[in-house]
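Undergrad: With chain R's structure known, arrange chain U on it following the hints.
Number of protein chains: 2
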Amino acid sequence: MWKMLLPIGRNARTGGYSRSPFASAERECMAWYGEEAARRDLEVEYDGQGNAIAWWRPEGAAGRGVLVGSHLDSVDDGGAFDGPLGVISSFAAIDLLRDRGVVPTKPVGVGVFVEEEGSRFGIACLGSRLATGRIDAATAAGLKDADGTYLLDAMTAVGCEPSLGRSAMLEQVEVFVELHVEQGRDLVHRLRPIGVASASWAHGRWRFDFAGEPNHAGATRMEDRHDPMLTYAMTALAANKQARLGGARATFGRVTVEPNNTNAIPSRVQAWLDARGADAELVDRLVADIGRQAGQRAERDGTTVSVTAESVSPTVGFDVGLSRRIATILGDAPVIPTGAGHDAAILQLAGISSAMLFVRNPTGVSHSPAEVAEMADCLEGVEALAQVLEDLAT
Amino acid sequence: MWKMLLPIGRNARTGGYSRSPFASAERECMAWYGEEAARRDLEVEYDGQGNAIAWWRPEGAAGRGVLVGSHLDSVDDGGAFDGPLGVISSFAAIDLLRDRGVVPTKPVGVGVFVEEEGSRFGIACLGSRLATGRIDAATAAGLKDADGTYLLDAMTAVGCEPSLGRSAMLEQVEVFVELHVEQGRDLVHRLRPIGVASASWAHGRWRFDFAGEPNHAGATRMEDRHDPMLTYAMTALAANKQARLGGARATFGRVTVEPNNTNAIPSRVQAWLDARGADAELVDRLVADIGRQAGQRAERDGTTVSVTAESVSPTVGFDVGLSRRIATILGDAPVIPTGAGHDAAILQLAGISSAMLFVRNPTGVSHSPAEVAEMADCLEGVEALAQVLEDLAT
Numbered sequence: 001m002w003k004m005l006l007p008i009g010r011n012a013r014t015g016g017y018s019r020s021p022f023a024s025a026e027r028e029c030m031a032w033y034g035e036e037a038a039r040r041d042l043e044v045e046y047d048g049q050g051n052a053i054a055w056w057r058p059e060g061a062a063g064r065g066v067l068v069g070s071h072l073d074s075v076d077d078g079g080a081f082d083g084p085l086g087v088i089s090s091f092a093a094i095d096l097l098r099d100r101g102v103v104p105t106k107p108v109g110v111g112v113f114v115e116e117e118g119s120r121f122g123i124a125c126l127g128s129r130l131a132t133g134r135i136d137a138a139t140a141a142g143l144k145d146a147d148g149t150y151l152l153d154a155m156t157a158v159g160c161e162p163s164l165g166r167s168a169m170l171e172q173v174e175v176f177v178e179l180h181v182e183q184g185r186d187l188v189h190r191l192r193p194i195g196v197a198s199a200s201w202a203h204g205r206w207r208f209d210f211a212g213e214p215n216h217a218g219a220t221r222m223e224d225r226h227d228p229m230l231t232y233a234m235t236a237l238a239a240n241k242q243a244r245l246g247g248a249r250a251t252f253g254r255v256t257v258e259p260n261n262t263n264a265i266p267s268r269v270q271a272w273l274d275a276r277g278a279d280a281e282l283v284d285r286l287v288a289d290i291g292r293q294a295g296q297r298a299e300r301d302g303t304t305v306s307v308t309a310e311s312v313s314p315t316v317g318f319d320v321g322l323s324r325r326i327a328t329i330l331g332d333a334p335v336i337p338t339g340a341g342h343d344a345a346i347l348q349l350a351g352i353s354s355a356m357l358f359v360r361n362p363t364g365v366s367h368s369p370a371e372v373a374e375m376a377d378c379l380e381g382v383e384a385l386a387q388v389l390e391d392l393a394t
Numbered sequence: 001m002w003k004m005l006l007p008i009g010r011n012a013r014t015g016g017y018s019r020s021p022f023a024s025a026e027r028e029c030m031a032w033y034g035e036e037a038a039r040r041d042l043e044v045e046y047d048g049q050g051n052a053i054a055w056w057r058p059e060g061a062a063g064r065g066v067l068v069g070s071h072l073d074s075v076d077d078g079g080a081f082d083g084p085l086g087v088i089s090s091f092a093a094i095d096l097l098r099d100r101g102v103v104p105t106k107p108v109g110v111g112v113f114v115e116e117e118g119s120r121f122g123i124a125c126l127g128s129r130l131a132t133g134r135i136d137a138a139t140a141a142g143l144k145d146a147d148g149t150y151l152l153d154a155m156t157a158v159g160c161e162p163s164l165g166r167s168a169m170l171e172q173v174e175v176f177v178e179l180h181v182e183q184g185r186d187l188v189h190r191l192r193p194i195g196v197a198s199a200s201w202a203h204g205r206w207r208f209d210f211a212g213e214p215n216h217a218g219a220t221r222m223e224d225r226h227d228p229m230l231t232y233a234m235t236a237l238a239a240n241k242q243a244r245l246g247g248a249r250a251t252f253g254r255v256t257v258e259p260n261n262t263n264a265i266p267s268r269v270q271a272w273l274d275a276r277g278a279d280a281e282l283v284d285r286l287v288a289d290i291g292r293q294a295g296q297r298a299e300r301d302g303t304t305v306s307v308t309a310e311s312v313s314p315t316v317g318f319d320v321g322l323s324r325r326i327a328t329i330l331g332d333a334p335v336i337p338t339g340a341g342h343d344a345a346i347l348q349l350a351g352i353s354s355a356m357l358f359v360r361n362p363t364g365v366s367h368s369p370a371e372v373a374e375m376a377d378c379l380e381g382v383e384a385l386a387q388v389l390e391d392l393a394t
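From first to last, the protein sequence lines are chains R and U. Take 1 as the starting number for the first sequence in our numbering and just add one per residue. Take 1 as the starting number for the second sequence in our numbering and just add one per residue.
The following block holds chain R by itself, in its conformation from the complex (with noise of 0.2 Å):
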């Protein structure tokens, strides 16, 4: 299945993939599921805004089903395991119980849910989101890409048919297990190749805007100068400096400066934060701080910034009782936290028991073509999907 879908996006250069949703390496993507689905007799079913579930409903299964899989697009460069990890393997654990002769009693579905990193439309798991109307219409109907293009064109001109709502094929699952790669070292450290997630951090993306006064780089005498480049670099050092301090994480990694002309002093600024922590207040707290010192920075430099939440996500618990079901099956595998947010978070969010398998990754990088999986650590994976998969649907 690998050698299917690892040349599509790669860059050549870097290694890494590149798999925007709604485009056409993360399409060819999307095809390639397909195949491997039908290949397999599965039934396909797609809710009309990219995601999609494999039904494996063999005679007699019956009632709601389990769902494992995960996604398929990526950052801009990123790793060949995040996310397509999660759904090749959940095909591969089916090839297995097939092969051990096991029925389930339930449907077991694989799905996909599209847009997990929000590479393109900025919002984390739009996907699974839409899907369980934690998002609503209107806020997802006005979502631009980077070239001003809307999510329902984006959807519709792929051949979709968003109704961009709560996607009734969810309804059937009972239970969803989401296979990932380690984004961390735990694992390493654990000599463990399979963790269980308990929870996932509370997480948020946050606009910055830093608003100047353009002018010419040689002409103009620096005390004449309002240049929001200096409000972004303070603020910058400032969120690293308050995550540090505050045990959480903070990331500028997006900048857009306008004009962006080497001789001028840009107009604007804007940048991106990601902050993450063990709970919301704490991210919140640090969201605050930051916010604060860049005022007062933009203060003396005669800037504005001003700060609009794109995303923010709570703290995930998994289900407790699943999670450690799990662990058991899996020989007291250890239970970990996750700085990431996920798919599984959302339908746990939504009512939707879930839970989360990590595969051990030895750089503990991801987001980079750095990012990697032992093939036996994989083969392990899909072992203990298979072993879930025979507990909690037959």
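Among the hints, erroneous ones may be present.
The list treats identical chains as one, so a pair stands whether inside a single copy or across any two.
Said to hold, decoys possible - Using 20 Å as the maximum straight-line C-alpha spacing, the simulated SDA-like pairs for lysine to any residue come out as follows:
id, residue 1, residue 2
1, Lys144, Ala157
2, Lys241, Gly302
3, Lys241, Gln293
4, Lys241, Pro314
5, Lys144, Gly246
6, Lys241, Glu281
7, Lys241, Arg221
8, Lys3, Asp136
9, Lys241, Met222
Keep in mind that the hints were calculated from the coordinates and are not lab data.
TA: Chain U alone, transformed into the frame defined by chain R:
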């Protein structure tokens, strides 16, 4: 004349102008220039690399000529006057001389130099550097714009026949007087509409490449990061502080981040430093100080930084005798320095006696839609240029 030129390349939202060299808006301006020259029976000479001189050669005019003029390109979202004011005033000054029956005994040329702003190929005064041989052909041939288009291809795409070398047409020039909108408020404080330039500050552009380790913004512990954004942010603040301390100017107005995702620690930040000062040693010391502080911070951040000079120009004192003569003609016009680079400075360096006239700018702002000049002051500028031409060319 303004009427034809004002709509070209204008952004209706900001009121600013974007006239990138060898692209449609700037080419329209060049077409306008050709028409204005033809209307006055001036003979236009093109050098095949984007520069041009429209010659007025009355019967009996002989020897090397007096060049006036400026440039027609702009920074992205720049002002209406920076460049075009000098070209329009030159045509208008010829009209005035003809109305008055003045017949020059030397040829008078209205020149346009291409890519003065360096907005597309990163090197300011590129046209005049090429025409005077102050950039070698191999370096010029290697220049690419942000889309990867080579300078030579951009030139030939709009019908130029580039040789990338000294322009023979400059051999016919004895003296160059460039009129320009002031980029600062010196004339405002002096209550004078017109000034004469004393010297153009030493200035240059340096590219700072900050490299780190791309990783997940949520899952990576603060202490495990190697985030080049932090190194850049400290460097931008240091540049500002050092320039203030040293009585110089330093600006980071252009930044590119890779991969520029909200939830990814960047792999790379590229930022361009524009630095200027009264003399070249001051600027060298400034850039060295900023580079040293960047290196120290990079060590703390576990990142790397490298600094590449992209274009560096020494202080250019314009022709002192010429400037004094012009100031006297204009009733003791004030003589003021300029932090901006100009084609006249390049020609002076290349041994062509050069001077500049400035027209008062009430806001002092330039490289921005807020750049302005009053009509009465512009007419004073035309009058001044006509007087200078009458003095120098008859």
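Undergrad: Against this structure, judge whether each hint is valid.
TA: Taking the hints in turn, this is what the structure says about them:
no. : hint              : verdict
1   : Lys144 <-> Ala157 : within (14 Å within a copy, 34 Å between copies)
2   : Lys241 <-> Gly302 : between (23 Å within a copy, 16 Å between copies)
3   : Lys241 <-> Gln293 : both (11 Å within a copy, 19 Å between copies)
4   : Lys241 <-> Pro314 : neither (22 Å within a copy, 40 Å between copies)
5   : Lys144 <-> Gly246 : neither (34 Å within a copy, 45 Å between copies)
6   : Lys241 <-> Glu281 : within (18 Å within a copy, 36 Å between copies)
7   : Lys241 <-> Arg221 : between (31 Å within a copy, 13 Å between copies)
8   : Lys3 <-> Asp136   : neither (38 Å within a copy, 49 Å between copies)
9   : Lys241 <-> Met222 : between (27 Å within a copy, 9 Å between copies)
Violated hints for the displayed structure, listed by number in ascending order: 4, 5, 8.
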